[in-house]
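Asker: What follows is the residue order along each chain.
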Amino acid sequence: MVALREGPVFPDARAAFFAAGPEPLDLAVDLSMRIGTLTLRTPVMPASGCFGPELGALIPVGELGATVTKTVFGSARGGNPVHRLTEIPAGMVNSVGIPSRGPAGYLAELHPRYAALGVPTIISVGGHRPGEYAPVVEALCEHGSAFELNVSCPNLDRDGTDIGSDPAAIRAVVGAVRRVTDKPIIVKLPVLVASIADCARAAEEAGADAVCVANSIPAMPLDAATRRPILGNVIGGLSGPSIKPIVLRLVWLASRAVQIPVIACGGVGTVDDALDYFSVGASAVQVGTASFGRPFAAVEIARGLGHRCLDAGVGSIRELLELETAL
Amino acid sequence: MNPNPFSERNPSLVDKLDGREGLDQRREVDAARRAAAARQRAFAEADAAALDGLISVRPRSLVPRPQPVWDDAEVLVHEPAGERYRRLVLASDAIAAAAQAGQFLMITVPPNGGDTVLLPRPMAIHRRRPAAPACPATADQLATVAIAGTVELIYGVVGRGTRALAAVPVGGSLQVTGPLGRGFEFPRGTRTALLIGRGVGICGVMGAAEDAAAAGIRTTMVLSGQRPEQLLGRTDCAELGVRVIEATDDDGSSGLDTLGARLRAEFDGSTPEATPPDVVMVCGAGVLARLAAELGAHWGVPVQASLEAHMACGLGYCHGCAAPVRTDPSVEGPLVCADGPVFDARIPID
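Residue numbers (the numbering used here), protein chains in the order written: chain A, 1 to 327; chain B, 1 to 350.
To be clear, the hints were calculated from the coordinates, so they are not data collected in a lab.
Careful: at least some of the hints might be erroneous.
To be verified - Anything over 12 Å on all C-beta distances counts as not near chain B; from chain A, calculated:
id	residue
1	Ser95
2	Pro99
3	Arg178
4	Glu322
To be verified - Restraint-style ranges between C-beta atoms, simulated for each label pair:
id	chain 1	residue 1	chain 2	residue 2	range
5	A	Glu142	B	Asp52	40 to 48 Å
6	A	Pro245	B	Ala35	35 to 43 Å
7	A	Pro11	B	Ala265	20 to 28 Å
Beta carbons: idealized from backbone N, C-alpha and C, even for Gly.
With the sequences and hints as input, model every part of the structure.
Answerer: Structure (structure tokens):
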């Protein structure tokens, strides 16, 4: 017996998800946000390293505000030895080591696929010395919609201190990049800093258009059976739900310190996670670890923000939060 | 004053736990646990070392790669399979229709009580049963329809993720992404094949047995495992007309030397039935991949090996599943999910 089903029948849940949106919210709700000269139609984007053009076939990427690439370094890197990732309660620890084929490899192999997705491409750029960032941005300048500077890298000019934990190094990196591009610059700050406010201010003063707070947290998972490190690189970066309260504090502190937008990144997996960050001052969110289990998580959050506003009869996230906090 | 419920009910147990004898026992248990962990570590290291220099990415084929989808697949069957595994039959027309031999799915683990598992778990597609024609006519065809549009997976409960997965009821649904990766492919003109699977790795090669049966390829499959009660795939092989060679740790028949000698003898060319296979496909252990590569070199036939790895995305963008291939440090090697899981396996020539 084959039951007749009402309405359209989709071959799989993915197809049904594509068909479910976007709804014509645009007239009633304005979710757009600006990073310098760049306007994003919605304040939701993937976190660097947690997205690839492969996802274009699985989710309606056009409903995101932007894509963010895996970090591009000035020279080719092979990445870290196996094992590169593991899961612990409420978190993932990865030590992938950011394999990169350099700017030329990125432009030849990856950029055309990002560009075809139809939303702004924010190119993440890394370096081992403050002087290494600007040449990469210069090489990619006409291709990226914006640049996110991944400063959570050991500074080989200063005995391996994280560039992003040193306001002077942040100033040097951002100043040099500012001189080679008019495109918006986002500085992605690390978690382990003496003062996130000082770091965010250093970025703002040197000409950054936004800061992204924060990155994964250095961590070291052990195998209980052998007492040995699980990761080939011994240490990795912790991400996922367990870091959200840590990053909420940092976003709160950073957004009180600077006028430029703060993009929150740390354990965002639901609309309420996003609204938590907006309520402490964030202007946008990045979705990382949640996307592995639920590839559609970022799109779901973008849709959910619109629906929450529509249901509350308000036109923006700001108004929605005012309504919620007035209760 | 620190009441001990055990002292009321079972004084002898307290004596055991608190007394000298108990301490010795605990030390024994502890030593046994350490020894087991050391054995496991030594095996894992040897297994990884066995792949050293062995594998390479297969040339791109002309067969179009299926486009993965994600689906909320209904759980039709979820039951024990043998002593240590569980069988999962999922309804998804889209995935069942597209899946190729040796491909895998990423299974998103639903929340279990208060425990949320973040990363999806990669699992080989054990059996594919694409949707049947729309209007079944015979009773046989009706029986087929009951399982049409499904994929079957088998997994062992080994950690948090698979424990949570085991709690999913029949009638519930699981979010799955797939089919993923590059699977097994029979070289053109293959008439006979040897498949080797160990443990849950038997599922990795069962898709190749399905293709072989459909193409009339004469197939032998080695089912390897710890104990006969744990071996997977006997029923599947019987259904597909695949000859089975069982090899278990219990009686030593799974030992590499023993198994290698047996397979050399089985395919020594002495009779038409004993002609060496045209291809060898293997999944489940690095040491078996090496044995298969040695046999392949002996017979002069190609060997394809399917590998496992921890992974987060299954699509290639997270770069979490580096394959054990040595490369220049500035060049990233292949990824198990996107370049594999099936690789060519050849004994390196020094």
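Asker: Does each hint fit the structure? Answer for all of them.
Answerer: Tested hints:
1. Residue placement check: Ser95(A) does not keep its beta carbon more than 12 Å from all beta carbons of chain B (closest about 9 Å).
2. A beta-carbon of chain B comes within 12 Å of the beta-carbon of Pro99(A); the shortest separation is about 4 Å.
3. Separation of Arg178(A) from chain B is adequate, the least Cβ-Cβ distance of about 29 Å exceeding the 12 Å criterion.
4. Remark: the non-interface label on Glu322(A) is consistent with the geometry, its nearest Cβ contact in chain B lying 31 Å away (cut-off 12 Å).
5. Distance hint check: the CB atoms of Glu142(A) and Asp52(B) are about 44 Å apart, consistent with the given range 40 to 48 Å.
6. Pro245(A) and Ala35(B) have their C-beta atoms about 41 Å apart, which keeps the hinted 35 to 43 Å range intact.
7. A hinted range of 20 to 28 Å for the beta carbons of Pro11(A) and Ala265(B) is inconsistent with their spacing of about 49 Å.
In this structure, the hints that do not hold are numbers 1, 2 and 7, in rising order.
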